[in-house]
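Peer 1: First residue of the sequence shown: 1, per our numbering; consecutive thereafter.
None of these hints come from the bench; they were simulated from the model. You can take every hint at face value.
Label pairs and their computed distance ranges (CB to CB):
| # | residue 1 | residue 2 | range |
| --- | --- | --- | --- |
| 1 | Ala430 | Glu398 | 44 to 52 Å |
| 2 | Asp215 | Thr278 | 17 to 25 Å |
| 3 | Val404 | Met348 | 45 to 53 Å |
Keep in mind the model is a prediction, meaning the values are calculated, not measured. Glycine is no exception: its CB is placed at the ideal position from the N, C-alpha and C atoms.
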Amino acid sequence: MLHMNISGEILVLTRMYSRERGQRMHSEHESVEHGSAKPGLRYSVSDWDTSNKQISDTAEHRRHMSHMTRQEGRALRNETTSKTNWDKSDSSRRLSDRIWDISRWRETLESCIQEVEKEMDALTLGKEETERALTATAVPLEVTVECLTLREGRRGNELVSDPVEAQLKKEVEMIDGAQRVFQQRIDKAFEQLCLLQVSRQQLTHDLQNKIEAQDIDLSCLSITVTSPKISLKPNPLRIPIGSHLHPGTSRHTNTNSFYGMWAPREDKTIINQLLDSTTPQQWEQFSQYNVARAQEEMQASLQLREDMRVTRVQLQNELDAQRIATVFAIRKRTHHLEQACDETQWQMKSSQDEISDMERDIRSLEDDLQAKMAPLKLVHTRLENRTKRPGVDLCRDEVQYGLVDEANQLEATILALKQKLAQAQYALQALQLHQAHMEEDLSRKKDALFLEQRSLETRGRLASAAFTDVSSGAVVPLTNSSGRHNLELA
1 MLHMNISGEI LVLTRMYSRE RGQRMHSEHE SVEHGSAKPG LRYSVSDWDT
51 SNKQISDTAE HRRHMSHMTR QEGRALRNET TSKTNWDKSD SSRRLSDRIW
101 DISRWRETLE SCIQEVEKEM DALTLGKEET ERALTATAVP LEVTVECLTL
151 REGRRGNELV SDPVEAQLKK EVEMIDGAQR VFQQRIDKAF EQLCLLQVSR
201 QQLTHDLQNK IEAQDIDLSC LSITVTSPKI SLKPNPLRIP IGSHLHPGTS
251 RHTNTNSFYG MWAPREDKTI INQLLDSTTP QQWEQFSQYN VARAQEEMQA
301 SLQLREDMRV TRVQLQNELD AQRIATVFAI RKRTHHLEQA CDETQWQMKS
351 SQDEISDMER DIRSLEDDLQ AKMAPLKLVH TRLENRTKRP GVDLCRDEVQ
401 YGLVDEANQL EATILALKQK LAQAQYALQA LQLHQAHMEE DLSRKKDALF
451 LEQRSLETRG RLASAAFTDV SSGAVVPLTN SSGRHNLELA
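Could you build all of it, start to finish, from the sequences and the hints given here?
Peer 2: So, in structure tokens, the structure goes:
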């Protein structure tokens, strides 16, 4: 409506201007024809009255349009104020409802986490009871596994699959033959503890996210239009991609890296769907999935604890031959490592000598390069001074040619020295880099040698180990095979 009124007003003013211009041109023409003493624009009384009326009408029209605009503005202000207050109140109500939903799921997740931890404790106790059924073979197995674990500490190219590792694994297999039933139950319990740990981690991450989301919603509910920290934000309507993912994951992270290989295919489909922007139904489905998965693992753990009551088996404890073969392989590997360390140390000493020589040569090149600057300054000064010779004495004589040749020769010499200095510095850097590489390699070799020596010391425990009859009740718990503290996922 306002746009149509303004367009009509412009049309009226345009017609008035055209009519006045035509009248003005007609009056000028008549004045020229009649030879008026004072040529120029002359208006008639009727035109003057018409102009005054048009001015008054225009003023009234302008006031009317201004009044309409003010009324429409007031109506718009009232309408937008009511709408804004209603939307703000509705958003606060929705925030309150959302906070209640999150609180409800927080209680459910916290309760489920406590149940999972109780089941993990119970399964750990059952696993330790099964381990205590192992007898004299526990010590050889512990020592062999400890040696394998120690050798896993080797770094870089020292982490090789050598005869020592083969002999240790063979010894583990021989011991495992005597305690297969127990070990199967222990391994199954360990896997189940891992599954429970994964479930607990899922629940913990979900709970942490909900706590954070609830804190954010509570903060949003507490702020008002008078809060000092509110401000305009760039693109606040966006949906952050991946903002709901768990810590340590991203949109490009395979779901198996967090949820492990334990989730069935249909469960992974649900997880992949939830890695996109979620709906309230998907949000609730995600927590339902975590709780249901944890309950399934707790039920499986309960069944496993019932199955972990097994009988003891006949022991086979003739491990002397294999122990001797393993010790021989460790000693042989230790000798090879000592030779490799000696060779690396000799190479490092030779390289260090070469580095010292190269550093001296670089300093000599730098000194020589610096020494060439004074002659270059001299020849430049001479050339510059000779440019001030007057008149025909500004002659390109033999002196001039000699100075030019000298300057070119010095610049070429300096360039060659700089190039050679750069080559020397590059060679020095390569030597230093390789020296650092050899130092790191020597450190790895020394660590590997230390681990081999530790393995020999550890295997010394087998010489004094005595095998005890299973029925005597003497049991030795296995190290690094039970306890929740060893189940933390990387």
